[in-house]
Each structure stands twice: as structure tokens, then as C-alpha cells.
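**Student:** Chain by chain, the residues:
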Amino acid sequence: GNSVTQMEGPVTLSEEAFLTINCTYTATGYPSLFWYVQYPGEGLQLLLKATKADDKGSNKGFEATYRKETTSFHLEKGSVQVSDSAVYFCALSGGNSGYSTLTFGKGTMLLVSP
Amino acid sequence: NAGVTQTPKFQVLKTGQSMTLQCAQDMNHNSMYWYRQDPGMGLRLIYYSASEGTTDKGEVPNGYNVSRLNKREFSLRLESAAPSQTSVYFCASSEALGREGTEAFFGQGTRLTVV
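Residue numbers (this note's numbering), protein chains in the order written: chain A, 1 to 114; chain B, 1001 to 1115.
Rather than coming from a laboratory, the hints here were simulated on the basis of the structure. Some hints could be false.
[To be verified] The calculated BS3-like cross-link candidates involving lysine-lysine, where the alpha carbons are at most 27 Å apart (straight line), are:
#1 Lys68(A) x Lys52(A)
#2 Lys1009(B) x Lys68(A)
#3 Lys52(A) x Lys77(A)
#4 Lys1071(B) x Lys106(A)
#5 Lys56(A) x Lys77(A)
#6 Lys56(A) x Lys68(A)
[As the list claims (entries may be wrong)] Distance windows between CB atoms, simulated:
#7 Ala53(A) x Val1088(B): 47 to 57 Å
#8 Ser1051(B) x Gln45(A): 43 to 53 Å
#9 Asn59(A) x Val1088(B): 23 to 33 Å
#10 Gly1040(B) x Asn59(A): 43 to 53 Å
#11 Glu15(A) x Asn1062(B): 25 to 35 Å
#12 Phe18(A) x Ala1082(B): 16 to 26 Å
#13 Thr1086(B) x Ala17(A): 15 to 25 Å
#14 Gly61(A) x Arg1099(B): 19 to 29 Å
#15 Val1012(B) x Glu69(A): 48 to 58 Å
#16 Leu111(A) x Asn1062(B): 31 to 41 Å
#17 Arg1099(B) x Gln45(A): 29 to 39 Å
#18 Asn1028(B) x Glu16(A): 18 to 28 Å
#19 Asn1062(B) x Ser79(A): 44 to 54 Å
The beta-carbon is built from N, C-alpha and C at its ideal position, and this holds for glycine as well.
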């Protein structure tokens, strides 16, 4: 079945540092890939997505590229802000398994200090 | 702009008590989901409803039941609560299950403690 593995946190950075959160997946075919963000005390909200190999999803300065050859969808941001502190979830749906609900990674907490 | 609304936001139950978590969406979505979130485990799917009138088990359905009351509402019932069901529960909805790139919209969550 489908699965998602993402780096464990917490990731602790200073403001304006470069961010990478690694995400790899297991699925056959071409699943859709997502990054969701959860701010403290809130539900998850979509940050960005990509549906085809080599597509780049982007939003709020965050980017991730769908790499079929390495089955990866790493999240990056060039300069983080304190307001980016949150938990980030990589997720996928679809592919050839026929199981189309979202499958989530375990989440990575990001802490940004001033 | 309500989106997905869950009630209650917090609940404390004694072992063996029952309760129903309510969820409603106002986006005319066909598919709805219940997840639980536990530390270090991410989100795990309990049950989902691809469309009105259908429900299916997810990854961790034991101890839960669901009802898709109508297109808007999808409730989760704990018949006899156990401490292992202490968790944060999220309801979500999407336009249609299986559609490429379909985004899920989440409620604010229900924090449930079973003592």
C-alpha cells in the first residue's frame, strides 16, 4: 500500500535560515503529492501540491518538486520566519493502488526563533 | 466561510461512556473523513464516506462507528470509550474521493480525553 516517510523533528532554525524538510513516498504509478501545515491549536491546511512528475508546487515562499526517479517531494523555503513555526505533513493520494484517500507522514515540527 | 465545523472542541469521558462527535461541511463536498492524530503517529484514517449513503473503514476503525447523515454531516460515535481512544480527532471533506490532486479541508479538531 501507499506510505510516506518524512524526517523527524523538531527542526530548529533561526529566522532567515534556509529550510529543507525531506519527504519520500512509496506508491505505484503517479500519486498526487501534498504538503499540509498545522499551526498550533488548528486543523491542517493545504500548503502546496503537485500532481505530475517534475511539477513544482509553491505557496507563501515554500516550494516542493515532484521527483519520480527518487520518489521524493522535499519541502524548501529560502528564508523562514517566526510565523512559519508549525507542524508540516507530507501526504499522498492515488497512484495505482486504487486506495485514494490521503496517506500522511508522521509530521515534522518546525521551530523558528528570532 | 465556515468550511468544516466540528463539535465539541474538547471532551473528557470516563471509560465505558459513549459519545458522538459531530461534523458538518458547507462546501457541497461529496467525500468526508475522520482522522485521529496521536503524538509521533501523524494522522490515521478511521472511517470515510466517499459519497452520501456510503461509508468505509480506514486504517484504525476498531471501537468506532460512523453515520453519513446527509451530504453535509458525518458523525463519529464511540460506543464504549477506552483510554486508548484519547486523541485529537479531525473531520475533513473533499470534492470527490480519487480525483487527482483533490484537496482535503479540515476542521479545527476535537480533543478527547478518556480517563
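**Student:** Cβ-Cβ distance between Asn59(A) and Val1088(B): within 23 to 33 Å?
**Tutor:** Given range 23 to 33 Å: holds, Cβ gap about 25 Å.
**Student:** Verify the proposed pairing of Lys56(A) with Lys68(A), using a straight-line Cα cut of 27 Å.
**Tutor:** At roughly 12 Å apart (the allowed maximum being 27 Å), Lys68(A) and Lys56(A) satisfy the hint.
**Student:** Is the distance from the Cβ of Asn1062(B) to the Cβ of Ser79(A) consistent with 44 to 54 Å?
**Tutor:** The hint (44 to 54 Å, Cβ to Cβ) holds, given that Asn1062(B) and Ser79(A) are roughly 45 Å apart.
**Student:** Indicate whether the distance between the beta carbons of Asn1028(B) and Glu16(A) respects the range 18 to 28 Å.
**Tutor:** violated, 42 Å
**Student:** Holds or violated: are the alpha carbons of Lys1009(B) and Lys68(A) at most 27 Å from each other?
**Tutor:** violated, 40 Å
**Student:** Measure nothing beyond the straight line between the CA atoms of Lys1071(B) and Lys106(A); if it is 27 Å or shorter, mark the hint as holding.
**Tutor:** Outside the cut-off at roughly 30 Å; violated.
**Student:** Does the hinted range 47 to 57 Å hold for Ala53(A) and Val1088(B) at CB?
**Tutor:** For Ala53(A) and Val1088(B) the Cβ distance comes to about 34 Å; the hint is violated.
**Student:** The hint says 43 to 53 Å between Ser1051(B) and Gln45(A); measuring C-beta to C-beta, is that right?
**Tutor:** Given a distance of about 24 Å, which is not inside 43 to 53 Å, the answer is violated.
**Student:** At the C-beta level, are Val1012(B) and Glu69(A) separated by a distance inside 48 to 58 Å?
**Tutor:** Check passed, 49 Å falls within 48 to 58 Å.
**Student:** Can you tell me whether the CB distance of Gly1040(B) to Asn59(A) sits inside 43 to 53 Å?
**Tutor:** violated, 27 Å
**Student:** Take the C-beta atom of Gly61(A) and the C-beta atom of Arg1099(B), compute their distance, and say whether it sits inside 19 to 29 Å.
**Tutor:** For Arg1099(B) against Gly61(A), whose Cβ atoms are near 28 Å apart, the range 19 to 29 Å holds.
**Student:** Okay, Thr1086(B) versus Ala17(A) on CB: inside 15 to 25 Å?
**Tutor:** violated, 36 Å
Violated hints, listed in ascending order, are 2, 4, 7, 8, 10, 11, 12, 13, 17, 18; each of the other numbered hints is respected by the structure.
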